[in-house]
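Add chain B with the ligands to chain A, keeping to what the hints say.
For the record, the sequence lines run as chains A and B. Everything in the first sequence is counted per this note's numbering, starting at 10 for the first residue and increasing by one. Everything in the second sequence is counted per this note's numbering, starting at 254 for the first residue and increasing by one.
Keep in mind that the hints were calculated from the coordinates and are not lab data. Treat the hints with caution; some may be incorrect.
A few chain A residues that don't get close to chain B, going by computed Cβ distances all over 10 angstroms [said to hold, decoys possible]:
#1 Met-23
#2 Ala-35
#3 Glu-67
#4 Thr-78
#5 Gly-147
#6 Arg-211
#7 Glu-216
#8 Arg-219
#9 Leu-222
#10 Ala-226
Quick partial rundown of chain B residues pointing at chain A, CB under 10 angstroms, derived from the structure [said to hold, decoys possible]:
#11 Ile-424
#12 Asn-448
#13 Gly-451
#14 Ala-453
#15 Ile-457
#16 Tyr-460
The beta-carbon is built from N, C-alpha and C at its ideal position, and this holds for glycine as well.
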Amino acid sequence: MLRIQNLDCGYGRMKVIDGVDFEVGAESVGLFGPNGAGKSTLIGAVMGMVKPWKGSIELDGQRIDGAETYAIARMGVALVPQERELFPGMSVYDNLVLGAAYIPHAKDDIPTQLEKVFTLFPILKERRTQCAGTMSGGQQRMLAIGRALMSKPRLLILDEPSLGLQPSIVAEVFEVLKRLKSSVSILVTEQNVRESLKAIDRGYVLENGRIVLKDSAEGLQTNPYVIKSYLGI
Amino acid sequence: MIVKRRVAIIAALSIAAMTALIVWKPTVLIYGLQAAGLYAAVAIPMGLVLGIVHIVNLAHGECMMLAAYAAYFGCKALGMDPLVAILPTAIVTAIFGWVVFQLTIRRALKAPELNQLILTFGLAIAFSQAINLIFTSQTYKMPLEYVSASMDIGDISFGVWSFVFVAVAIIFAYGLTFFLTKTMTGKAAVAVGQNPRGAAIVGIDVYRTYGLVFALALALVGAMGALFLTKSAIFPGVGSPFTMKSFCLIAMAGIGNIPGILGASVLLGVAENFLRAFRPTRDWAEIVFFVLIIVVILARSLKGRKS
Ligand SMILES: Nc1ncnc2c1ncn2[C@@H]1O[C@H](COP(=O)(O)OP(=O)(O)O)[C@@H](O)[C@H]1O
Ligand SMILES: [Mg+2]
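One chain only, chain A, in its complex shape (with noise of 0.2 angstroms):
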């Protein structure tokens, strides 16, 4: 599905991701690390918000490092960014149906992918007249989860989809990310390894840009420093 070679990229002058291998099948696949470790910055690269320097980014053995994020949008990749980046003057469901309006494989089933979203979400359902900019962090959170899934996705990738949440929404979402694992791939960024490495298959750990660790899930959860950094028992 996805696949990153020796990847480097940043910002300026200033290097952010250096010389990242990262694989993602279908399957489930965690990133952690901590605040500033260049995350968000792997993902804006895939996204093609970020320019590579060196490297490549496939999808399904199709190169796209230097593609426009629009054109990768439309062949599957659906991101729920950190920001959310909602469309916050509109309707909850203006928001939903431009997910997949200008997705190819998508514009012609809003009706089914709707219903589809207001099952996970029942709350969307409720407020779909709502303007998006007016709702909570949490309900928004699902509003750009729900937006992505609209789209249909090969690949959907949440960049830190607990941060900010409290507690039940965070339970919420991990809950979701489950019960779609079995129909897309999913690549989640998240500080929250505890909750997550329930919810993925594998995962990998970014430090200052490099990838420091990957394993399995359970294989994380037991080695020692995950343990101490991460999960801080």
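This is chain B with the ligands only, laid out in the frame that chain A set:
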């Protein structure tokens, strides 16, 4: 609730003022509304570009001037009436707008705002100077009978042709609102205006959308150029006051507020014609736009400081 009450008060006051005007100086109201129609119809497309592309197009009035010249010489060559030229002019200016966007504005979208202003200001100068070089500063006018149609009510008599601008302003306002809120392309344009990053993430080609919106705005301004030609003489500088006035109207209405542009236009059109109706204040009419915009901006910043 408080906002609603304030709107009601403003509406009541304006209705009272209008009624007083009808009784006292009916022609001020009539010519004021006609001027308002013209101002609004020209300002709405500029507001569209500012609201979605986030560019202040200081060449906006000059684009209308170019359209009017194109319509004039097209009409002369083909023996057409400017009204017939509206659609062809709109198509030509839309294409022109697309090209101008791709060649210039697109490259400045990530530049600091000042550079963008300098760019569109430069375009304005280039357009009016180019016309000046080719056609000199001579004025051109279409001799048309129907524009002098007039109407008598009681003992007052007034020209009615300029009501066409009111109709066009209303059509532009409603048409655009419909397009932006009810069609998918329009919603995508609004989405791009609200959050270009979010729009790209959902597969919308942001730059293409900007180009289309700019072309659409130029189509509207092109149509206005042909219509303007029915009523007015044209010369290289004829567009530039419209740039400034449109900008004032948009600033008063607030970005993205199309009905607000209609309201602001009525206020300014009537105020202008009110001053023009009295000999001692006649020459003040030209600055009423700028006085009112200063008042509005001051009021807004005072309100902002309070809250
Ligand atoms: N738009 C940007 N411009 C310049 N530097 C940035 C930008 N975004 C992030 N950075 C820097 O890149 C580094 C990695 O940031 P980021 O990818 O957001 O980390 P993470 O998502 O892991 O917290 C940080 O040092 C951050 O300051
Ligand atoms: Mg981040």
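ask   = Looking at the structure, which of the earlier hints fail to hold?
value = Checked against the structure, the hints that fail are numbers 4 and 11, while the rest are satisfied.
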